[in-house]
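Let's have the full structure, built from the sequences with the hints guiding it.
Protein chains: 2
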Amino acid sequence: MNKLTTPSIQDLSAQHEQDAKDLTRILPASRKVYVQGSRPDLRVPFREISLTDTPTGLGGEVNPAIMVYDTSGVYTDPAQDIDLNKGLPHIRETWIAERDDSERLDTLSSRFGQERLKDIRTADIRFAHIQKPRRAKSGRNVTQMHYARQGIITPEMEYIAIRENQRQQQGIDIRQHAGQNFGAQNLREITPEFVREEVAAGRAIIPANINHPEIEPMIIGRNFLVKINANIGNSALGSSIDEEVAKMTWATRWGADTIMDLSTGKNIHETREWIIRNSPVPIGTVPIYQALEKVDGVAEDLSWEIFRDTLIEQAEQGVDYFTIHAGVLLRYVPTTANRLTGIVSRGGSIMAQWCLAHHQENFLYTHFDDICDIMKAYDVSFSLGDGLRPGCIQDANDEAQFSELRTLGELTHRAWEHDVQVMIEGPGHVPMHMIKENMDLQLEVCQEAPFYTLGPLTTDIAPGYDHITSAIGAAMIGWYGTAMLCYVTPKEHLGLPNKKDVKDGIITYKIAAHAADLAKGHPGAQVRDNALSKARFEFRWQDQFNLSLDPDTARSMHDETMPKEAHKSAHFCSMCGPKFCSMKITQNVREYAQNQANTAADSVAEDDISVGLESMKNAYHAQGQKLYHKV
Amino acid sequence: MNKLTTPSIQDLSAQHEQDAKDLTRILPASRKVYVQGSRPDLRVPFREISLTDTPTGLGGEVNPAIMVYDTSGVYTDPAQDIDLNKGLPHIRETWIAERDDSERLDTLSSRFGQERLKDIRTADIRFAHIQKPRRAKSGRNVTQMHYARQGIITPEMEYIAIRENQRQQQGIDIRQHAGQNFGAQNLREITPEFVREEVAAGRAIIPANINHPEIEPMIIGRNFLVKINANIGNSALGSSIDEEVAKMTWATRWGADTIMDLSTGKNIHETREWIIRNSPVPIGTVPIYQALEKVDGVAEDLSWEIFRDTLIEQAEQGVDYFTIHAGVLLRYVPTTANRLTGIVSRGGSIMAQWCLAHHQENFLYTHFDDICDIMKAYDVSFSLGDGLRPGCIQDANDEAQFSELRTLGELTHRAWEHDVQVMIEGPGHVPMHMIKENMDLQLEVCQEAPFYTLGPLTTDIAPGYDHITSAIGAAMIGWYGTAMLCYVTPKEHLGLPNKKDVKDGIITYKIAAHAADLAKGHPGAQVRDNALSKARFEFRWQDQFNLSLDPDTARSMHDETMPKEAHKSAHFCSMCGPKFCSMKITQNVREYAQNQANTAADSVAEDDISVGLESMKNAYHAQGQKLYHKV
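If you're matching them up, the sequences are chains A and B in order. Heads up: the first sequence is residues 1 to 631, going by UniProt numbering. Heads up: the second sequence is residues 1 to 631, going by UniProt numbering.
Hints were generated in silico from the structure; no laboratory data involved. Computed from a prediction, not measured in an experiment: that's the story for all the values here. Hints should not be assumed to be uniformly reliable.
Here chain A is said to cover these stretches of chain B; the calculated rule only asks that three of the stretch's residues, wherever they fall, bring their Cβ under 8 Å from a Cβ of chain A [as the list claims (entries may be wrong)]: (1) 361-368; (2) 390-403; (3) 431-437; (4) 475-482; (5) 532-545.
Just some of the chain B residues that point at chain A, by a computed CB distance under 10 Å [as the list claims (entries may be wrong)]: (6) K132; (7) R135; (8) T469; (9) P490; (10) L518; (11) D559.
Just so it is clear, CB atoms sit at the ideal spot from N, CA and C, and this is done for glycine as well.
Take a look at the structure:
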C-alpha cells in the first residue's frame, strides 16, 4: 500500500502531474456555464461547446453552441481553486441545514469510525478536514422520497429538473425520431414537479446522503436520461489512495454519473473519505466487503452487529447508495449448484457461504427493516444487489437468478414503506434474445423501481474486449428501460483497470446510454447527433471533433492520416482523399436538387419526370458544376 | 505510391518482417487440422485449441480440445511454404476443370487488362505469375446457383457443409439456449444437400469466381454462421501494395470471412492481383471506383462500355463479388435533398451525379441483364449496393433508402432468372429501435436473399469509437437475420485504418457475429462460450486466454496485474486478489451444495428445509471447509 503522496493539486508528485493536468484541462471549444435556478445558490453546470459557422460556399449559416450534460464538477471550472486536501465546496450544505430535520453529531456513531480516527498508523493518510457527521433528528426521515411524498419539491429536485431539461430548451435542430420506449414517459419538458412525482412513486431515485453535501444532484429513473456508473477501488494487489482519487476524477471527467468504490484492500475507510470529499457525483459501496475485512475474510464470522456498525460508519462518511445482497436467500443457494459458473457475485457468494455455514436465513434479509432505519437517517439509497446473477451465458435467466429478483421486488416494497429510495441491480451475462425478459420481470415485480445493470455481456468468448461484449447488452437493456448502466472495462475478468481502461469503459458506456436515449426517443437526445452530422457533412472537422464524446481521440486519429492543420478545413474526407469524396459529390447533388425541388417533387408525384429533367439538365449545365474541387 | 518491396515471405523488407512473423505465427495451444471430405483433395481446415485438465482439487476432468472455424488459410499451416510471389495453392483448380463447362482463354478479354499487362511503367509492381483467365464456354453458366438448381452438389458445397457443421459434431458440452431466430432454420446437422437447397433457393450464396481457385469455400446466408467482411484498400493519400496484402492476411488471420478491396488510388489493377492471388477468402470490389479512375474522376464521363470493360477486367482477375449500385434510380435522387447528410455512399453519389448530369436512368439499372451475363460467365456474385443508405441517425429508414431497397428486391429476381447469386447491402446509421424494420423489409422484398450490412451505427456522436457504435447495431441486425456484417474500424469517418484498427474492427465484429449466432440459437454456437466459462470457473487461466478471440490481448492484460507465471495457475481472480475471490467461494458452496443436492432438493420441494439444513451444517463442518486458500 503506497502512502498518499502530495494530494494537493498545486503540488502533485511527479507521477501524478499528468493526472492533475488531465483533471483540470478544459475540453476544446468548451466552457463551463451555469444555469441559475429559483435561488442564488442553485446553479446547474453544463458544458457549452461552441461551433464554427458553415463555410460561406455551403451557405454560411451560424451554428448555435451546444450545451451538454456535465458530470466533471468544478474541476473543469477555471474560476475554482481545486485542492484535493480540502475537498470540494459544499453546495448542498444550506439546503440540508434549512430543512432543520437533521443535526450534527459531536462524534462519529460507529465504533470502527472512532477507532480509525484515533489510529496513529493511518494518521499520515487520513483526510485532514473530516467534518462531524449529520444524522436525522430523532423520529425524522431525511430521504428525498420522504420529502417527495410530503409534496415537497427540494432544491435537489429543481436542480435535477434544470439539469435533465436543458437540452430540450435549446432553440436548435431537434429533428428526432419518435422512438419506442416500452411504457416509459417522454416528456417534452421535465419540471421540478415531475421529478417529485417520479421520486414519490419510487420510479426514480436521487442518491444524496446528507453527509455528502459536495454532490451535484442527479437522478436515476427510466423517464430521465440513461446514466452510467464507473467502478473503481483498490484490492489486496495494490493501487494507492491517490490513484483511486485520480481514477474517480478521471471517470467523472469523461461522463461517469456515479462512482462505486469497490476497494477491498487495506485502508478502505481512509480511501473512501478521500474519494467522497472530492467527488461531485454520488458514491456507492458494497458494505459487506469492508465488513468481511473486519472479520479477517472469514464469512462465517460475519454478524449483524459488525455489518450494522459498517453501515453507520459509511453512512456518516457520506456514501450515497449501498449495494445490499438481501435477496440471497438460504433456499436459493442449492439452486446454483448445477450452474456452469455457480455464484460469481462477491457479495452473493459471501452471503451464500454465511447462510450455509450457519444454516440460517441471510441476516441482511432478516434485518432488512433495521437497515431501512439506518438508510432513512442519512438518506442512503438501496442498490439491492443481484448476488445470484449469472456468470456466464449458460446460466442466464435461471431459477436462482429470477427467484432472487422476485425477492428483491418484495424488499422494494418494504423499503418504500420506510420512504427509503431503492434501485435494483441486474445481470451479468445474458444472450441478446434473453435480455428483455430480465427487464420485463424487473418492471413487474419491482413496480418500476429503477433497474441498474452490469452490461449484460452477450458472449463469454472475448476477454480483453468485455467493454464491447457488454455494451451491446447494455444499449439494448437501456432501451428496454434500465435507468443506469454499470460500465465494464476491457480488463473485466483479467485485472484491475488502469486510467486508459477506465476511459475506454466510460466512453463505451456513454455510447450505450446515448444509443438507448435515442431508441427511447428521449426528448432532445438527438440534438448532439444532428449537430455532429451536420458538421461532418459540411467538413467542419474541428466541430466534428469537439462534438464527439472523446475529442482528443477523434482528432488524433484524423491527424494520423492528415496531420496538416490545413486538412482540418479540407473539403474532403480523409477516407477518400481530395479527388474522391462522396460528401463533396452529395453537396453538388443536393444544392442542385434543392434548386429543382418543386419541379422534381411535382414530376415525381405525377410519375412523369421528363419535364423536370429537361430543366434539370439545363440548370445543371448552367451552373457549370464541376465534380471535384482542387484543395 | 511506394514500389512493391520484396514480397517474398522469406525475405521481407525490414518494416515488414513483423508482418511476416505476425502472419505465420501459430496461436497459442492451437494447431491446424484438416477434415477429409468425400475425395482426397477436399480437406477442410480448422483450428484446434487444446485444453488442460481440470485441476485435481476441482475434479481432475479431461477437457476435450475445441475446434474453431478458421479463416486464416495456409499461412497458419507450418507444413506449407508461403511465398507471396507465387500466391496460394489452387485448391479448387481440379473441381473447376472437372466441370468442363469453362475454358482457358489465350488472352485477357478486357482492353484495360491487356494494356496493363504490357505497361512497362507497372512492370516492377506486377504479380509475376498471372494465369490465363477462365471463362464459361459459350452458352454455359458456371455459377454455384446454376449447379444447385440442376441438383448438383459441388465439392464447394460439401466443403462448406463440413466447415459449417464441424462444431456440432464434437461430442462435448453443447448445453445451449434455444434462441430466437425470426424464421431462420437451425438445423442440428448441416448437410451438403442442405447447402445445395439454400443456394438453389437464393437464401445463401457461395462467392467463388472460377478465376479465384485459391479460396477455401465459404457461404453467406442466415441459416449458417454469421460472417464478417473487412474492408481494405489504399487511397490517393497513400499506402502501398504490400501494405494492403499485409492488411488482407492480417484481417483473415483474425477472422475476416471475406475482404473487400476498396482501393481508389493508382495501380488498383496490380494491387488487386496481389491481393487475390494471396487471399484464402473471397474478394469483393466496387468496380465503379476503378471505372471512375479511368475517366479521371469525372462521373459524367462514365459509360456502360467503360464499366463493362472494368467488370470483365476484374472478373478475369478473380474477384468473387461486385458491389453494383443499380438501385440508385434517377427519380430517387431528389428525395435525398432534404436529408441532413444527403448521399454518403461513394458509389451512390457517383451514380446520382451521373443520372442528374445526363438526365437519364442509371446505366447499371438499364444494363442489368448485360451485367448478369458477365457475372454468370465467371461466377461473380452480386452485392447489390445501397447507394442511398443513411449517413446519419436522422436520415435512417427514409423514403430514399427504402425506395432503393424495393428496387434491389426487383433486381434480385432478375439476377435469379440468370441463376446469378445475389446478396443485398444494408445501412448505415440507424437508431436501435429502427433496425428491425430494415431486416423485415429486406426479407420481404428480397425474398430472403442474404442481407449484408455496414453496422448499422446506433449513434453519430462517437467518432473514434464507431467500431463500437456500430457493433451494437451489427449484433442486433445479425440476430434478426443479417448473413454478413461489414466491419467498421475506429478510424471510420476519420482516416484510413492501420493494422491495429483492422484488428480492433475484426475482433469487435467477431463479437457481434457470435453474439448474433448465440441469440439465434445456432447449433453448437455456445460450445466455445461454455468451454471458456468452465475454464474461468476452474482458474484455468491459460485455457481462458487460449479460447478467447484474441489470446494475445487477454494474456497481456492479465500480465499487467499479475505478471508472474505462477499467477497463471493461481486459484483466485486478478480482480479480487488471493483473499477475496467469489469464484473460489463459489466452488466451496458448489461442492458442498452438490453433496447435499438430493436432500436440498427434497427439502425445497416440500418447502421445509430444516431437515436438510441440519445435515448440511454437519456435513459442512465435517468437511472442515476453509474459505480461503493461501497461494
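Outcome of the hint check:
no.: 1; hint: 361-368; result: violated (count 0)
no.: 2; hint: 390-403; result: holds (count 5)
no.: 3; hint: 431-437; result: holds (count 4)
no.: 4; hint: 475-482; result: holds (count 3)
no.: 5; hint: 532-545; result: holds (count 7)
no.: 6; hint: K132; result: violated, 33 Å
no.: 7; hint: R135; result: violated, 31 Å
no.: 8; hint: T469; result: holds, 5 Å
no.: 9; hint: P490; result: holds, 7 Å
no.: 10; hint: L518; result: holds, 4 Å
no.: 11; hint: D559; result: holds, 8 Å
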